[in-house]
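Take each chain as given, in its own frame, and dock them per the hints.
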Amino acid sequence: MNYVNIISIFAENKPGKLEKITEVLAKENINILGFSIISVKDFGVIKFLVDMPEKAYQKFKEKGFTVAKVPAIGIELEDKPGGLYQVVKLISSKNINIESALVYVAETRKKAYFVFEVEDLEKAWEALKNEKVKFLKPSDFIKE
Amino acid sequence: MEKKYYNPEIELLPREELKNLQLKKLQKIVRKVYNKVPHYRKKFKELGIKPEDLKSLEDFKNFPFTTKDDLFVDYPFGLLAEPLEKAVRLHTSSGTTGKPKAIFFSKKDIWAQAKLIARALFMSGATSQDILQNSMTYGLFTGALVMHYGAELLGILIIPAGPGNTERQIELMKTFGTTCIHMTPSYALYVATLIQEKGLKPGKDIKLKRAYLGAEPYSEETRKKIEEMLKVDVFNCYGLSEMGGPGVGFECPAKRGLHIWEDAFYVEIVNPDTGEPVKEGEIGELVLTTLDRTTMPIIRYRTRDLTRFIYEPCPCGRTHIRIERPLGRADDMFIVRGVNIFPQQIESVLMGIKGVAQNYQIILEGYDEMIVKVEINRDFFDGRIERLLKLRDEITEELRKAIQVRPKVELVEPGTLPPSEGKAKRVIDRRTL
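These protein sequence lines map, in sequence, to chains F and E. Be aware that the first sequence starts at 1, since it is given in full-length UniProt numbering, and climbs by one per residue. Be aware that the second sequence starts at 1, since it is given in full-length UniProt numbering, and climbs by one per residue.
Just chain E, same shape as in the assembly (with noise of 0.2 Å):
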């Protein structure tokens, strides 16, 4: 019979005993990282708690969270639980100031974050025989190394081609029949563009079959187009340097959310500003623990990445829990009567409505007043003002369903707001409280 899974064993590990399984876990790493470092013992004994307080996976909360900052206390090897000689390998995260963030990986560490890749490769349905072209930056970000040595551990061939020059990257896929490709959306994008524009055709001179894309938030449109463009699946995958890098959250064929390993992550999500966790299905900030780590332990991590939990069982038969694709940064919330908001639910409703471009900026001002600004589509406009006044009571009542709050909305010229790409800002916060 085909293989359908990995490690059967624990990707359809009932819940109840996942559950034990990872109290288990957290027992021994709270007990670690109390007895191992300091910073951490510290935080514990702000807030009155050790190590046996935690009995069940419910008494996990009330321990720390480890933030940004924590990761820069008693820097660069404070918070490791081991010995330094124990770490064969360190990369770090790109702050986008200052220090970046310094993760350390022991030789275990190293080949358990591989398994969780060859896992997460094999549920999509590659195999030893598939080629793996892997365009992400080799060095110091996670991204490339860490999918390297998981392709490797499942024994797929890698052609480490790491990323740019497109055109070697085309000729590298057409001579050794490339069929997996691990980048950026944007780079794949670009590189799909590029092949178009040399009139090659996909699925004949490149028999890409999935194409893994992390590292940047994408939409679901943008998958498509990409899926389309290269005649390929599309993989979301989600990571991040302080869990190990990517292979922390992996789309099963189903495509809906992505998996968390959950024997290897305990995955919590709460409200950004008072860090409790959020009621069944709502939006909040992904907090993760490592399970397995062992030179660089870290509990209760908050990745200010927002996301909810998908509750259902996924038709894939795995047991693991499903994240929506990553919806932003949970610095980019704000509260508007109470309600708390993120653009990124504002954007999805108004990307899913015909007429409105791709720009849009959210003011707020006076009393609690919520405007957004939102461009027209330049064929939508037929001359008629009734169409323009339906358009827009269409994204109001959208809006409101959607975020609870109703906004005023104002239709605006095309090309008149800050484009969409890059850091535009979207929030202009002028309210006099």
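Extracted from the complex, chain F is given alone in its bound form (with noise of 0.2 Å):
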């Protein structure tokens, strides 16, 4: 199975939030490939797609955040009108909902993928796996 693993963090809605989990990132040289922030009025998740995973996960536990990996499917997108269109058309054709997704932009205007997190990984996976598409897979970014 062709997965990601996404960084996601619990956080409160807070001024200066986001800047202390950057922070983080920042100073342990971390590359932030694609991020997303899910907020609801008084909390929220914030998700990265990082180039040292492991490592990020291990830091914002021994800083005492509350965080979590969740593995996601990535596709590339054709750069393109309607690129994203024919992606989620695809997933949508499975009937295979998207329960978050970002964007990694992997060389600008040439490679982009469409990363997402579904309810059952493994189910999606069987469903699509087959589909000529290009999946991300961790070698293709990952540095540790």
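Read the hints as simulated data drawn from the structure, not as lab findings. Note that CB positions come from ideal geometry on N, CA and C, so glycine has one too. Take the hints with a grain of salt, since some may be wrong.
[To be verified] Pulled a few chain F residues facing chain E out of the computed Cβ check, cut under 10 Å:
no.: 1; residue: Ile6
no.: 2; residue: Lys41
no.: 3; residue: Asp42
no.: 4; residue: Phe43
no.: 5; residue: Asp51
no.: 6; residue: Lys55
no.: 7; residue: Glu99
no.: 8; residue: Leu102
Spelled out as structure tokens, the structure:
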């Protein structure tokens, strides 16, 4: 199965929160490849695709953050109008519900991935694995 | 046949007869305090009530309460209903500030209380073959001495260990084969942890059967933890110096609420704000009257402890009323949208929900808005927001069911609220009225 780990952090909605979180990554020289923020008023979940997910996870844990690793599937997007549409159309045709997603631009104007979380990863993979798309692999970006 | 009850005649007395007995004793006690205690006479007169107005138990709610403040009127001997020479012992209750409450016992009072303890210990299964290590503080505090007399009366071998010096406590348990302990729940946890660390096996190296734990509130989870760690049955006991110390409320083997010996105490539960009796099964402040105390009888004492009656007959067969383990202090109560709420109600809901960590905070603001901040459990977070939203909905709904008010629930990171130990401030009231 081709999947990548998203670093997911629980955060209260308070000024300075995102700053503290990104500071951890900056200090450890961990590169953010993609991120998303989901906020429901008083709290939210901040998600990162990074080049050193294991190190990031450990550092956040050490610093007392409430952190989890969530497996996600990444599919390459074509750089043309309708590129994202094609990918999400494929996902929905398999009846897969996207819980959250982020975009990883691997090479500006050349290569990007749609990285998404689903409720049942294995089921989603089974449905998608034979499709003619390029899946994101950890070896594509991981530096550790 | 094996004796099942220490005093079957009293313990199984049908409720109607128990009530008749209480009325007779109450009539005697109100006469006594009215005639012998100037402060009580004054209080009776202020309410325009006389001892002869007590014709049924129903009438007793018209009689004055005794509060903590009353214990400091004509201090220290003002509430004595007999000459001081009748008193043989003084106990005090640790006031957090200023003078301690002073409670006097006659010989009769001491042995009457001892009998209640003996009855309670026997109820838990203890006999003269048991060895009780008494690790409460001996001295002005009632905890140790009153238990001591009761256990001796039952014929139990007492080890008057007192508190502290845990190494020695464990040595005593090993050497003399202690079967029962009497201590605070927090100390029991401490002792149990040390026993584990030493690699001693409860049930083998240490042969404890029962632990009588009281003097501070603890949860059912703590009870289970101590029971597992020490391989004992934990019995919850409730008492207060003003009512003679331990042995006021005691659990039977059913471990479902504490029996109060109603031949010795008259029990009421009132709304802490209005002083009116609460509706059946509602939480309120426990109010106690001593029925047998000779030297310093106290009527309608506002304990400030919150509980509720358990009305179902107890499987143990005893007819004496049960109360829920005290849920907290009346002083902690707050009112939101006209509903009386105790932090303990919130706490017990939260502790029953998976995904919730130990700490919480209640914030009241605006126009009667109630916000409950809840720390989530670190291991509960799996990175998905859906799970958090579900948790928040579950907490909101469970709280609404328990307190009839729908609070706004905010999930916060673990470790960001003041810890639950000690006297953490649980309720912050910022309402502007």
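Against the structure, the hints:
no.: 1; hint: Ile6; verdict: 7 Å, holds
no.: 2; hint: Lys41; verdict: 9 Å, holds
no.: 3; hint: Asp42; verdict: 5 Å, holds
no.: 4; hint: Phe43; verdict: 5 Å, holds
no.: 5; hint: Asp51; verdict: 19 Å, violated
no.: 6; hint: Lys55; verdict: 17 Å, violated
no.: 7; hint: Glu99; verdict: 6 Å, holds
no.: 8; hint: Leu102; verdict: 13 Å, violated
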